[in-house]
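S.K.: All chains, please: the whole structure from these sequences, using the hints.
Residue numbers (our numbering), protein chains in the order written: chain A, -15 to 259; chain B, -15 to 259.
It should be emphasised that the hints constitute simulated quantities derived from the structure, not laboratory data.
All figures in this text were calculated on a predicted structure; none of them were measured in a lab.
Be careful, since some hints might not be right.
[Claimed, not checked] Which stretches of chain A does chain B cover? Using the computed rule of at least three CB atoms under 8 Å from a CB of chain B, they are: (1) 45 to 53; (2) 66 to 78; (3) 206 to 214.
In this text, a Cβ means the ideal position worked out from N, Cα and C, and glycines have one as well.
2 protein chains.
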Amino acid sequence: MTTAIRSEFDLGIALTGHPEEAGRYEAELGAGWQIGGGVNGGLLLAVAGHALSLEHGQHPDPVSISGYYLSASTPGPATVRTEVLRTGRGLSTGTASLSQDGVERLRVVASHGDLGTVDGEVRTSATPPQLPPPDQCIGVEHAPKELIEQAALLERFDLRLDPATVGWALGQPSGQGRIQGWFRLADGREPDPLLLLLVADALPPVTFDLGLPGWAPTVELTVHLRAKPAPGWLRVVHSTRNLAGGYFEEDAEVWDSAGRLVAQSRQLARAPRPA
Amino acid sequence: MTTAIRSEFDLGIALTGHPEEAGRYEAELGAGWQIGGGVNGGLLLAVAGHALSLEHGQHPDPVSISGYYLSASTPGPATVRTEVLRTGRGLSTGTASLSQDGVERLRVVASHGDLGTVDGEVRTSATPPQLPPPDQCIGVEHAPKELIEQAALLERFDLRLDPATVGWALGQPSGQGRIQGWFRLADGREPDPLLLLLVADALPPVTFDLGLPGWAPTVELTVHLRAKPAPGWLRVVHSTRNLAGGYFEEDAEVWDSAGRLVAQSRQLARAPRPA
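M.R.: Laid out in structure tokens, this is it:
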């Protein structure tokens, strides 16, 4: 390591290659990334995506990454084993398995590319969320105490939620299934593709806005990335349209400071039991 | 086999267990499922999902399934190798690898459950598409000849597209990025969860409606299933909001005849080059 100061996120996804086993990496899941009973699923996806970045070399950026969550992870050591399935011209595809003490936590399949060289054409009909400026939004210091106590990772975020979508914090969920706000890391680290994997799972569960305040464990999370994000604030929208069959989908859009829709994600999560 | 008549779809996803290798199945990819240069990606996903259904036993239905497409498949024999990662109370998760002549075509991770026993609560804010009745929609017999010639599978579909979203067939794409219509199988086989995996990839690429008539190979396709579909016509909506970075997302919603949103899918596909 030659860098004198590294951000909490870079430390959180840091990997050490195994001296004898190709494709194997060791990680240390920090207690500061906990949420509810485990380590944040977006951080785990970034750890796995990072391992595949290292494997693929000329294709460092996740373009599409899918993770299936098998068991709750805990702070402490973790092992990531990767397998390269295909090395293509524009995309390379591989799998990553993150485990702790021999128990698999997360299985990932992903295609990586180089977002620095992508086609410039953009035909986006989606529009960025209309948000009050960050200083008129709601910081996590106003979040319910029970939420903060269960979410160590909130201290690492500078998260400012749109007042129009935080009625749930005052016992008045809108029922629309939408939470949106501004996001940046508290230590000032600028966004990059791996950070977007964390951001896709960084807001409170959108079911809070449906009046379901409980825990919503992720079954599956897929993130698609379209561009390297510009420095500065990100805008994030979480929404759901279909709570049914005991599960709900949570869609996230991440917009960068240049007004580009840089990432789209969808996860399937288990619906909290009604209070 | 005791059933005298099997549908084309059931034949298309039929599997034979390997006598000596646990978790291995043999399939025969039918020429009738071709589209463009290969076998339809939804059919391949259904073959892989079927293999995992057989492995999981008490969890026969895909609830979330993600496929990464590695190379174009061709009609003929294929081998599916499965691995069970976790057997849980409500969901079981596994991987499936579909290959031909030792070349991997598709890698899948999926969580299966039993959609016959799911929680009855439904909070769906999504609304079904408003479509003219099937007999006022556009059958594939009106599709451009070049399209039909490249899409043998269209003969197996009874697909009726909303006239409002087929301007592209007359050289007048709307630019909205939306194609919708009615779907059922031509031979009358009723829908079930495995068929929904095909349906999620059954309509023409939504980029046709953006004025991009070319081939749009799938990178990744994830389907979430929420209920067993009722018999009868399905309504399908394909849409996209973000063509950027050389790729576009294609979201599909599948509604059953009882008005339930039974499946949601998203795929990332390579954007066709502008004509």
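S.K.: Take the hints in turn and mark each one as holding or not.
M.R.: Status of each hint after checking the structure:
1. Given a C-beta distance limit of less than 8 Å, the hint that chain B covers the stretch 45 to 53 of chain A holds, as 4 residues qualify and 3 suffice.
2. With 5 residues carrying a beta carbon less than 8 Å from a beta carbon of chain B, the stretch 66 to 78 of chain A meets the three-residue requirement, and the given coverage holds.
3. Residue count for the stretch 206 to 214 of chain A with a Cβ under 8 Å from a Cβ of chain B: 5. That meets the three needed, and the coverage hint holds.
Violated hints: none; the structure is consistent with every hint.
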